[in-house]
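Undergrad: Protein chains in written order, with our numbering: chain A, 20 to 133; chain B, 1176 to 1286.
I should point out that these hints are in silico values taken from the structure, not numbers from a laboratory.
A hint or two may mislead.
[As the list claims (entries may be wrong)] Pair ranges (Cβ atoms, derived):
| # | chain 1 | residue 1 | chain 2 | residue 2 | range |
| --- | --- | --- | --- | --- | --- |
| 1 | A | GLN21 | B | PRO1183 | 44 to 52 Å |
| 2 | B | ASN1227 | A | VAL31 | 29 to 37 Å |
| 3 | A | LYS99 | B | GLY1215 | 43 to 51 Å |
| 4 | A | HIS24 | B | GLU1228 | 48 to 56 Å |
| 5 | B | LEU1285 | A | SER20 | 14 to 22 Å |
| 6 | B | GLU1228 | A | SER103 | 17 to 25 Å |
| 7 | A | GLN92 | B | ARG1225 | 40 to 48 Å |
| 8 | A | GLN21 | B | GLU1190 | 18 to 26 Å |
| 9 | B | GLU1190 | A | ASN49 | 19 to 27 Å |
[As the list claims (entries may be wrong)] Some chain A residues well away from chain B (every beta-carbon gap over 12 Å; in silico):
| # | residue |
| --- | --- |
| 10 | SER39 |
| 11 | SER48 |
| 12 | GLN57 |
| 13 | ARG61 |
| 14 | ILE94 |
Note that CB positions come from ideal geometry on N, CA and C, so glycine has one too.
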Amino acid sequence: SQTIHQWPATLVQPVGSPLSLECTVEGTSNPNLYWYRQAAGRGLQLLFYSVGIGQISSEVPQNLSASRPQDRQFILSSKKLLLSDSGFYLCAWGVGGYNTDTQYFGPGTRLTVL
Amino acid sequence: SQQGEEDPQALSIQEGENATMNCSYKTSINNLQWYRQNSGRGLVHLILIRSNEREKHSGRLRVTLDTSKKSSSLLITASRAADTASYFCATYTSGTYKYIFGTGTRLKVLA
């Protein structure tokens, strides 16, 4: 069966510090991978998605970046965090391909920037 | 940007009652999905309905889709305290690879 891992679960970082959040998927090959951010009590904002190794599509121009160094690994990074980067970050995967359906979400990372 | 708008934003009902929440969207879709999110957790997929379907059932869940009105509804029958969560709709259009989520409905079921 498929499993998605995210770490860390919680993170408190000072403004201006770097960020690296990691997501890995097990039990599937060539998944579509996604990073979302959710502000408190709000909906999901799509940040990045990837349909293959090394391929990244960005939805929101900001100080965040994403990379997919391996088929089932998706990394969200920042060189210098802003206060506005605080939020709940969710990684998700979907079956690869043109007609992908259901998304499966990781447990999320709660990021607080002080 | 968020395509979906859900209403109500918040709903409070007694255990045993039915809960109905609605989702509207703006563009053509291939499918629409409903997810549940417990506080501080990731989202869990509940049910998917395709654009050529009008109604779908799964246990106590009933989903309808009206593509002419670009709207969907989720009905939870005989609600339980454990149904307390936020519920989101998400739409998918083939070839875009993207899911567009609604703003969510916060459901509280009182025991």
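Undergrad: Does each hint hold? Answer for all of them.
TA: Going through the hints against the structure:
Roughly 34 Å separates the CB atoms of GLN21 (chain A) and PRO1183 (chain B), a value that falls outside the hinted 44 to 52 Å. Distance hint for ASN1227 (chain B) and VAL31 (chain A): a CB-CB separation of about 48 Å, inconsistent with the stated range 29 to 37 Å. The supplied range of 43 to 51 Å is broken by LYS99 (chain A) and GLY1215 (chain B), whose beta-carbon atoms lie about 27 Å from each other. At roughly 33 Å, the beta-carbon separation of HIS24 (chain A) and GLU1228 (chain B) lies outside the given 48 to 56 Å, and the hint is violated.
For LEU1285 (chain B) paired with SER20 (chain A), a C-beta distance near 35 Å fails the hint of 14 to 22 Å. The beta-carbon spacing between GLU1228 (chain B) and SER103 (chain A), approximately 40 Å, falls outside the hinted interval of 17 to 25 Å. For the pair GLN92 (chain A) and ARG1225 (chain B), the supplied restraint of 40 to 48 Å is violated, since their beta-carbon distance comes to about 31 Å. The supplied range of 18 to 26 Å is broken by GLN21 (chain A) and GLU1190 (chain B), whose beta-carbon atoms lie about 33 Å from each other.
Hint check: GLU1190 (chain B) to ASN49 (chain A), Cβ distance near 44 Å, so the stated range 19 to 27 Å is violated. Remark: the non-interface label on SER39 (chain A) is consistent with the geometry, its nearest Cβ contact in chain B lying 19 Å away (cut-off 12 Å). Distance to chain B confirms SER48 (chain A) as a non-interface residue, since its nearest Cβ pair spans about 17 Å, more than 12 Å. The non-interface label for GLN57 (chain A) is inconsistent with chain B: the shortest C-beta to C-beta separation is roughly 9 Å, within 12 Å.
ARG61 (chain A), annotated as away from the interface, has a beta carbon of chain B within 12 Å; the closest lies near 7 Å. Against chain B, the non-interface label of ILE94 (chain A) holds: every CB pair exceeds 12 Å, the least being about 18 Å.
Consistency note: the structure conflicts with the earlier hints numbered 1, 2, 3, 4, 5, 6, 7, 8, 9, 12, 13.
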